[in-house]
Amino acid sequence: MAEYRGEIHRRQKELMQQWYARLDESARTGWPPAICLMISGNCVELLEAFGIVPMYPEVNALQLAIRHQSLEPILAAEEMGYATDNCAYVKADIGAYLLGLTPSGGRLPRPTLVLCNFVGCNTYIKWFEHVAALLDAPLYVLDVPFLRSEEPSPADVAYVVAQLKEVVARIEQLTGVPFDMERFREAVRCSQQVEELWSRIKHLARHRPSPFDAYFDAITLMGPLYVYRARPEGVEFFRLALAELEAKAARGEGVYESERFRVVVEGPPPYPYFRAFRDMFARWRATAVASTYSTVGGIWEFGFRHDPERPFETVALHMLAHNLTNRNYLQRYEQIRRYVREWGADGVIIHFVKSCRLFSAGQGDMRDYITKALGVPTLYIESDLEDPRYFAEAQIRNRVDAFFEALERHKHAIAV
Amino acid sequence: MVEEVLHRCEAIIRDVSFATVRRWKAEHPEGKAIAYFPVYAPVEIIAAAGMLPVGLHGAGDRLEIQHADARFGSFICSIVKTTLELGLTEHLAPFDGMLFSSICDSARNLCFVLKRNFPHLYVDFLHLPHNATSASSRVFLRHEYARLKAALEELGGREITDERLREMIERYNENRRAIRALYDWRAAEPHRIRAWELYVLVRAGDFLPVEEHTAMLREAGEGFARRQARPRDSLRVVVESAFCEQPPLGMIRLLEEAGCYIVEDDFTLGRRWFTEDVPTDGDPLQALAESYLDRSVASSVRHDGRRPRVRALIEKVRARRAQAVIFLIAKFCEPAYFDYVLFKRELEREGVPHLLLEFEEKMYTFERVQTEVETFVEALLFE
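As given, the protein sequences belong to chains A and B, one line each in that order. Residues 1 to 416 in the numbering used here are what the first sequence lists, from first letter to last. Residues 417 to 799 in the numbering used here are what the second sequence lists, from first letter to last.
In short, the hints are calculated from the structure, not lab data. None of these values were measured; they are calculated from a predicted model. Backbone N, C-alpha and C fix where the C-beta goes; we use that ideal spot for every residue, glycine too. Accuracy of the hints is not assured; some may be wrong.
Going by beta-carbon spacing under 7 Å, a handful of chain B positions derived as facing chain A [as the list claims (entries may be wrong)]:
(1) 534
(2) 536
(3) 543
(4) 554
(5) 748
(6) 753
To spell it out: a stretch of chain A is covered by chain B in this simulated footprint if at least three of its residues, at any positions, have a beta carbon under 8 Å from a beta carbon of chain B; those stretches are [unchecked claim]:
(7) 36-44
(8) 79-90
(9) 110-124
(10) 139-149
(11) 159-167
(12) 358-370
Only part of the chain A face toward chain B is listed, based on derived beta-carbon distances under 7 Å [what the hints assert, rightly or not]:
(13) 133
(14) 176
(15) 354
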């Protein structure tokens with residue numbers, strides 16, 4: 001099934017290659033310094049203020065999986081002592097390090113600092129402890145209080161801001177580069193602009209038909225979103241993406257010739273079978289109009305933006321309250337409810353991934369809520385985001401087919 | 417008779433009707449019972465509110481999972497499921513609230529699933545900091561405890577005074593001192609205090625008012641002192657990783673029967689969380705917060721950049737003159753699985769033998785484990 005491939009895809013590829021080239025340069029020459037960071041609710045703006053290149057083990061891991069190269073490093077990590085039930089992202093990343101494997105083929109630098117932005121995912125702490133131990137690099141755990149109420153408290157914000165300032169001092173000490181407040185504001189301003197553009201893109205999916213798939217296509221956009229959010233290249237890329245998708249919407253073009261189903265997807269994709277998985281939905285001409293996975297790095301479609309006038313505070317607020325992983329489970333239910341109602345979806349797909357308990361622990365209860373409290377048809381399938389051994393293709397396809405057949409009847413019944 | 421005390425303890429920890437909690441509530445008609453999920457909770461604040469803090473480690477092998485599987489699916493540890501099952505089968509009726517903390521992703525999600533399914537319960541989540549190196553974590557945690565205190569004051573309808581908090585800190589200090597003393601004694605004379613005995617004795621405290629439990633520890637201590645027991649040829653081991661879901665009692669017994677002296681463990685770790693007393697002078701919430709950051713035992717659910725857990729394990733091995741480490745990891749317990757990798761590396765560097773065993777709380781056959789442990793012990797004792 002052919003889907004839309006425009007300028008967005010070409011530019012995305014280019015940007016990701018450039019990022020790997022910068023990491024390679026850092027590895028070869030020691031400059032720019034690289035700092036390891038996690039994707040979810042991070043403080044990449046702070047790194048940009050120092051001209052430091054972020055290194056994302058999660059992106060490395062998913063790149064390996066999507067290129068069908070994740071099994072070998074996973075096995076190497078298991079050989080070292082990791083359990084079959086450990087997060088396979090971690091195993092692929094650590095295993096790749098053990099085997100000297102990189103997604104681009106270029107080199108990856110030894111990080112100047114392993115900066116763990118702990119936002120909800122407990123695996124993040126373990127992962128970065130291990131990275132720091134294996135690479136003999138310094139570790140800083142930036143402890144972000146989990147969002148246990150509707151909004152973070154002033155004490156939560158003060159705690160994160162205090163730690164961000166400690167990180168600044170630590171980076172100054174490690175790199176010898178003084179912190180540049182203006183550059184920081186500039187980075188925050190870029191993020192603000194990217195977030196606005198990205199949010200407008202997400203709202204385009206409310207169109208019927210939606211001009212893009214807010215799960216599969218959103219993933220293409222997520223690379224630049226995470227790597228370039230706080231840089232001018234990011235702003236330029238998202239301007240281009242918005243213009244291209246707005247034009248599609250104006251022409252009334254959807255992902256398929258005709259859009260048959262609109263769904264919301266919860267959970268990360270099975271990267272080792274990304275193509276096969278996408279095809280399962282494409283054959284039903286089902287478009288994702290929203291997805292929770294695309295909000296791991298940040299939730300901007302409901303209005304939050306970084307603010308260059310309050311850079312530290314808004315970086316803290318983003319880490320605390322405006323990314324999927326640091327928000328509590330019931331807030332995720334509410335996020336899905338809003339997607340279904342406001343983006344106009346016919347059903348919800350829950351993809352349970354065994355690696356990620358943050359996402360998956362309790363998804364049965366989530367299904368109970370969506371089907372019973374919201375009355376929305378829901379499909380629940382299980383596999384993994386990184387480990388190819390957990391993808392039962394035929395079985396998953398059968399379930400997807402059965403779901404859409406039922407959904408067709410359901411829609412018909414409602415229409416009658 | 418110490419055997420009688422131990423028998424009582426075993427009955428208490430096996431009881432999923434929570435008779436001790438019901439009894440306490442009958443005696444305290446205004447009182448509320450707050451269950452806390454492992455590993456640690458600031459029980460002093462709960463007790464100072466005139467409530468009974470109860471350490472709830474799932475339902476073990478006493479409850480068949482019939483409903484919770486549909487909510488938590490595959491690859492999720494048993495304790496999360498049996499805790500939810502307790503709720504879905506009305507077993508949590510004696511409780512007025514439940515407290516969780518930032519130990520792992522499954523437990524955290526369980527907190528919010530319970531909140532949705534049991535809206536009449538007070539369900540709260542404490543963020544216990546993972547950045548002990550930052551001075552700001554002290555300020556933050558005091559705020560977090562103040563938030564909990566305010567929530568409990570509202571729930572109980574009465575003020576929690578500093579004086580009452582200090583009194584509770586002292587009572588729990590006393591209790592922890594008694595537990596620490598038993599642990600030291602057990603390490604010195606493991607033939608006198610069996611691992612399963614110490615386990616049931618300490619864990620029974622999860623379900624009792626603290627002063628009653630301290631008295632029970634004393635009574636047992638006197639009984640142990642009177643015991644005639646002879647040392648046997650056994651391998652001195654540290655048991656690590658069973659800090660949350662608890663192994664079946666049969667598994668703890670088996671380790672000793674297969675030739676081990678357990679000279680240190682992390683079972684029900686929350687009951688002896690502090691390595692020394694929590695100060696009783698000054699601001700009590702600050703004292704609790706600082707103690708969490710500076711006086712906590714090492715644990716797989718608490719990150720402390722100043723003191724790596726791998727070193728803490730080696731220190732434990734040395735301090736207890738242990739000959740080996742047995743990792744007892746609950747199936748699907750990710751914090752334990754992760755730590756195992758770095759622990760293993762460090763133990764191998766230090767030349768300390770180790771064995772990895774997996775368990776589930778509802779396990780009931782142990783033949784395979786027994787053979788594994790026996791082989792391990794024989795190889796080391798008679799090499």
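Hint-by-hint comparison with the structure:
The interface hint given for residue 534 of chain B is violated, since its Cβ lies 12 Å from the closest Cβ of chain A, which is over the 7 Å cut-off. A least Cβ separation of about 16 Å between residue 536 of chain B and chain A goes past the 7 Å threshold, and the interface hint is therefore violated. The criterion of a C-beta within 7 Å of any C-beta in chain A is met by residue 543 of chain B, whose closest approach is roughly 4 Å, and the hint holds. Of the supplied interface hints, the one on residue 554 of chain B is violated, with its beta-carbon coming no nearer than about 10 Å to a beta-carbon of chain A, more than 7 Å.
At about 5 Å, the closest approach between the beta carbon of residue 748 of chain B and any beta carbon in chain A falls short of 7 Å, and the interface hint on this residue holds. For residue 753 of chain B, the interface hint holds, the least distance from its beta-carbon to any beta-carbon of chain A being 4 Å, beneath 7 Å. Counting residues of the region 36-44 of chain A whose beta-carbon sits less than 8 Å from any beta-carbon of chain B gives 0, not enough to reach three: the coverage restraint is violated. Evaluation of the coverage hint for the region 79-90 of chain A: fulfilled, as 8 residues show C-beta separations to chain B shorter than 8 Å, against a requirement of three.
Figure legend: the region 110-124 of chain A, annotated as covered by chain B; annotation consistent (5 residues with Cβ-Cβ distances under 8 Å, at least 3 required). With 8 residues having a Cβ less than 8 Å from any Cβ of chain B, the region 139-149 of chain A passes the three-residue criterion, so the hint holds. Counting residues of the region 159-167 of chain A whose CB falls under 8 Å from any CB of chain B gives 4; the rule of at least 3 is met. Under a criterion of three residues with beta carbons nearer than 8 Å to beta carbons of chain B, the stated coverage of the region 358-370 of chain A is upheld, 9 such residues being counted.
Annotation: interface hint on residue 133 of chain A holds; nearest CB of chain B at approximately 6 Å, less than 7 Å. Among the interface hints, the one on residue 176 of chain A is violated; its C-beta lies about 22 Å from the nearest C-beta in chain B, farther than the 7 Å criterion. Checking residue 354 of chain A against chain B: minimum C-beta separation of about 4 Å stays under 7 Å; hint holds.
The structure fails to meet hints 1, 2, 4, 7, 14 from the earlier list, while all remaining hints are met.
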